[in-house]
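**Student:** Since each chain sits alone in its own frame, please combine them into the complex, following the hints.
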Amino acid sequence: MSEEKKGLSGAKLLLDALREEGVDIIFGYPGGVLLPLYDAMLDSPIRHVLGRHEQGVVFAADGYARVSGKVGVCLATSGPGATNLVTGITNAYSDSIPLVVLTGQVPTSSLGSDSFQEVDIIGITMPITKHSYIVKDPRDLPRVVKEAFFLARTGRPGPVVIDLPKDVLAQENVEPFPSDMKLKGYKIFGRGNNSKIEEVAQALSEARKPVLYAGGGVVTANAEEVLRQFAERANLPVVTTLMGIGSLPYGHPNLLGMVGMHGTVTANYTVDDCDLLIAVGVRFDDRVTSGLGHRFATKAKVIHMDIDPVEISKVVKTHMRIVGDARKILEELLEVLPGHSLPDLSEWWGQIRNWQKDNPLGCDLDSLTPQLVVKTLGELAGGEAVIATDVGQHQMWVAQFYPIAHMRNYATSCGLGVMGYGLPAAVGAQLARPQDNVFLITGDGSLQMSIQELGTVAQNKLPIKIILLNNGVLGMVRQMQKMFYDGRYNHIQLEGNPDFVKVAEAYGIRGIHVNSVDQVRGAIEEAVNSSGPILLDFKISPDENVLPLVPPGKVITEMIVR
Amino acid sequence: MKHTLAVLVENRPGVLTHISGLISRRAFNIESIAAGYTEEPDTTRITIVVEGDEIEQEQVVNQLSKLIDVIKISDLTAVESIQRELALIKVKASLETRSDIINIVNIFRASIVDVSRETMVIELSGDETKIDALCQVLEEDHGIIEIVRTGKIALSRGPIPAKA
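Chains A and B are the protein sequences, given in the same order.
As numbered in my numbering, residues 2 to 563 make up the first sequence, in order.
As numbered in my numbering, residues 11 to 174 make up the second sequence, in order.
The set of hints was computed from the structure by calculation and includes no laboratory data.
Take the hints with a grain of salt, since some may be wrong.
[Stated by the list, open to error] Below, simulated DSS-like cross-link-like pairs (lysine-lysine); rule was C-alpha separation at most 27 angstroms, straight line:
no. : chain 1 : residue 1 : chain 2 : residue 2
1   : B       : Lys82     : A       : Lys318
2   : A       : Lys183    : B       : Lys173
3   : A       : Lys197    : B       : Lys82
4   : A       : Lys185    : B       : Lys76
5   : A       : Lys318    : A       : Lys329
6   : B       : Lys82     : A       : Lys188
7   : A       : Lys197    : B       : Lys76
8   : B       : Lys76     : A       : Lys329
[Unchecked claim] Per the computed footprint, the stretches of chain B lying under chain A, defined by three or more beta-carbons under 8 angstroms from a beta-carbon of chain A, are:
no. : region
9   : 25 to 38
10  : 80 to 92
Predicted model only: the values in this text are computed from it and were never measured.
Note that the Cβ used here is the ideal one computed from N, Cα and C, for glycine as well.
One chain only, chain B, in its complex shape (with noise of 0.2 angstroms):
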């Protein structure tokens, strides 16, 4: 099953190549990986997602919590927590088919963020099922220029934060 790990490791150079050098090492199965700046200046959180069962999720946080740099490791797996991730999508547009997007675009909540004579550019945040509804539309009704995804970032519900 898949397990979504915050990780929360000091702020200092070297420490995601320390983490993706790891991962790769040990032969872990990662699907997405985020970081980011949190409310602590020192404090990098890393959102990773981990595919595997109870075994291989121990050692992949047993390995990781055994960095140094790495602080904190909290599995969000177990607790209520939000998951979102963000995705821009640059899509084909003529005038005949702008319409079309925007309603598309209303229906998943999304925005349009850039316009030109050929291409329109979506924003989406949501979860990971949401945004492949939204690019499997969008590709097979119009044509999909390129994408990109951020990878998951997740929070647990209510006061207890993953650094607690």
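In isolation and in its complexed conformation, chain A is listed as follows (with noise of 0.2 angstroms):
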């Protein structure tokens, strides 16, 4: 390989080296001492996508990989150009995103001397990252992107950042060192434990009240398959986390929907009066638990699945756990439920079906709702369609009414919750995914967090539908000022908003305002069909609230549903 490769420069290294790692799209915005990567590209097959802010190239190569299961790769400048990637990194870590970040650097020897766009980007992002790489010497190039990427996507998948000085891409003929990996301290849990896949099976058939409890692991492990057929072979009712979403198809008669703080009453009930709990990757987190974890599901016996050690006992007290990765388990499992007796179920089902029947996700469809234009794009685009959305009121609108059928099709910030993903993920989910249908459910608020991308969607053709759930408020903040500052609204009105679909036509993109019931069908109707990017400006009212809500310091089941 030495040999072919005598001559290169380390730009060309570099991405010889992504290529041989199967890139064939980065997300990107160029600078200063990126100068030399850039000319390279020239003469690479690997496509670059050009976005208009740092922070939405992270974001796309963030949605591009939760849709497509790769790691998303991106670039920025050195100093401002990689503090702007800073949230996009975090986000990816909160929600373990496979995500490789390309940093330029300033040159080696101007390194620590506060030289100009000079920002220790490894020293920021330590935290936020799984691991961190600069690059000193242009001959280790190839092994560091080999690690980078196995890091990335093994394990627990996460962000790894590779800083770039401009002298090492610059440099010409590089012979480089052998790419073999140096990772002597990594380890990675693959199969369960034989024994303690007994023990689940044991537990399980001594169960009266059990439950399944899914998350972002599930996907990550691409374990939707065995998961259904584990659910449906033990007659498992499941929750799922919002990462979770997917895991059982919407409508499945299994799911009970989303636990937590936004969850459904039934799920929320069926957790905490549950006698065994099997959480697969998951984390307990707050949103879920409240952060009350000692009150979470306390009649239940705890079966933690994760493929991180760490999350074990971290929040709540496990029982029994297994670390590894969950489709493996999932499927050790199914191998040995054959030989347990399972128990009969029907009094348990029972009682949940009656918590349904009580407490049915309420919405009012003879209005323009919220929910009704979730509804109803559910039934016209269907569960094969890929959602992006952004954060706020219209995400759990989404989490509770859109009927999301695989876990590859929703792109959503999780765990930080970061206004403004929205659209450029639905970026890096419709160039990975670019015959699909690929739809955006934002709101205001949030899609002029990065409305600067709709450049990106103009420029590169990109069919996206853009659904704005426009009700002029920051809807999520003057809910809970509303609920728990008795009314005192302060700095949630965006009085200063722009016709949205007058912005979009600045920039080649159609729109249609839809202000009244009898449009709704209409206008969603034409968004499916459009062939090319589009937004739908849907005018909602403010005082729509996300139902039912756990308030703060209350457990899962002290619900407000009205």
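**Tutor:** Here it is as structure tokens:
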């Protein structure tokens, strides 16, 4: 290999190493120290997509990774380019999304001298990356790139930063070192432990009120199919986290919906009352437990399966742990199930069906409500469409009402909850899945945090359909001020809002105002059938709330439902 | 309770920052941390003394294990081990008090490594309580000017190394 690579520049070596990892697209934004790389890119088959802000390129790489299951790659220059990536890297870290983040850096001779556009991005990102590299010798590039991709996608995935000084990229005639990985300290947990699998099956056969609690680890492990088989075989009720939505298709009879702060009443009652909680690929986030780990599922024996041993007993005391890959563990569990008698759960299911009957997710479908928009879109676009969302009320309405059929059809910012994620994530999703219909469901607050990315949509002629639920306020904050601060509203009015249809049109994107309930279906039909990008601006009431809601400091059964 | 952890890490720039950053970010209660080279040139060994219950201790070990540059962690609390700390103590010493200080130093099997007209520097290695005891005597009877301590280092007894 070194024979043929003799004489390459650092930049060319880097691009070749990226190709070797199967990279076909980089989301990036150029700058001074990256000039050697952008020059070399002209001769590389890798596609580069220019964002409009570095935060946009990292979110696009994230959206790409979520819907494709591949590692997302983004690139930004030194200094401000790199610091603008920080929120996006944190977002990927929070949700365990595999990214390789390339940052330019000042030449090695200038490092540490506070030179123009110099920032210690490795120091800044240390707590929010799985690992990071600064490459000071171009001969290390093939190994570093190989290790970075391996780390990003294996085990519990996450973002890896590679900082690239300009002289390392510019150096000519580099004879690379072998690309063999040197990761002595890196452990990956694969299969579960056989005797423990038997114990889980045993616990299941003794349970009277079991429940399966599924999260992002199911997505990462591509365990959707085996999870469904396991749930059906053992006849288990299933609740999911926001990250775990799609692990059973919406409408599946075993699915009780999301658990936690904006979960369904039934999901929360079921978890609270269960005697066996089988947690798969979850981390008992405070949006699920209300931050009250010691009061969560208190009657239950807790079995926690996760690839990251750190998560076990971190929040909720675990009675049985299995560290490993969710798909492998569930497969092994399915294998041993026939050797165990499964309990009769008819009484438990009777109880659950009663809860469901008494506590349906309420919504008004006779006026122009956000729930009507989401449900109509679900009807017309279906579960096979790819959905990206921003963060806020609309995100919860999507979680509650959109019929997501597969985990990989959904890109939303969960752990960090970043407004502005949606539009660039939709860009990444559309580029990863050019054949699929990609919808962005967003709010007027969130959209304005990344509205410049309409330029990326226009430049790349991406047929993204934007469903804007426009209430003219920061709805989630307004709802909290209304409920918990006596309606003393402060700084939630977005009075300077533009006409979003005109903004879209200014970018050459079609826009439609939807101001009455009878226009909803027609407008959405047009979007679904549109071959190009389109923005639908739905005028909704600021008074609409996300319910149910577990108020701060309350346990998950103490919900406000109306 | 206190746990003594032997942490073997890749000898790379930034690895100590990584470890200390993680410890402070996760609000772990660390009593001491001591690092140095080992028999293998690319490995650094860090001895960390951590205070906390079983669950906290497990979190420290698991969180540190997640760092890519951490090769191995052994809990030396559970096995027979030798634990030592080195201290240098600069104490006030006049012509009149020197002989008393020498007596104390002999009792503790410490040694005097520097003498000036007004001070002496004493070197002592041993476990934490021994060093504490010497410091207390010197402080009360003579007055200490400054102290430097390395933090605890530890090695298991018997043939099995921490890296095994």
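**Student:** It remains to establish, for every hint, whether it holds in the given structure.
**Tutor:** Here is how each hint holds up against the structure:
{"no.": "1", "hint": "Lys82(B) / Lys318(A)", "result": "26 angstroms, holds"}
{"no.": "2", "hint": "Lys183(A) / Lys173(B)", "result": "17 angstroms, holds"}
{"no.": "3", "hint": "Lys197(A) / Lys82(B)", "result": "25 angstroms, holds"}
{"no.": "4", "hint": "Lys185(A) / Lys76(B)", "result": "12 angstroms, holds"}
{"no.": "5", "hint": "Lys318(A) / Lys329(A)", "result": "24 angstroms, holds"}
{"no.": "6", "hint": "Lys82(B) / Lys188(A)", "result": "10 angstroms, holds"}
{"no.": "7", "hint": "Lys197(A) / Lys76(B)", "result": "23 angstroms, holds"}
{"no.": "8", "hint": "Lys76(B) / Lys329(A)", "result": "21 angstroms, holds"}
{"no.": "9", "hint": "25 to 38", "result": "holds (count 5)"}
{"no.": "10", "hint": "80 to 92", "result": "holds (count 3)"}
Violated hints are absent here; each numbered hint is respected by the structure.
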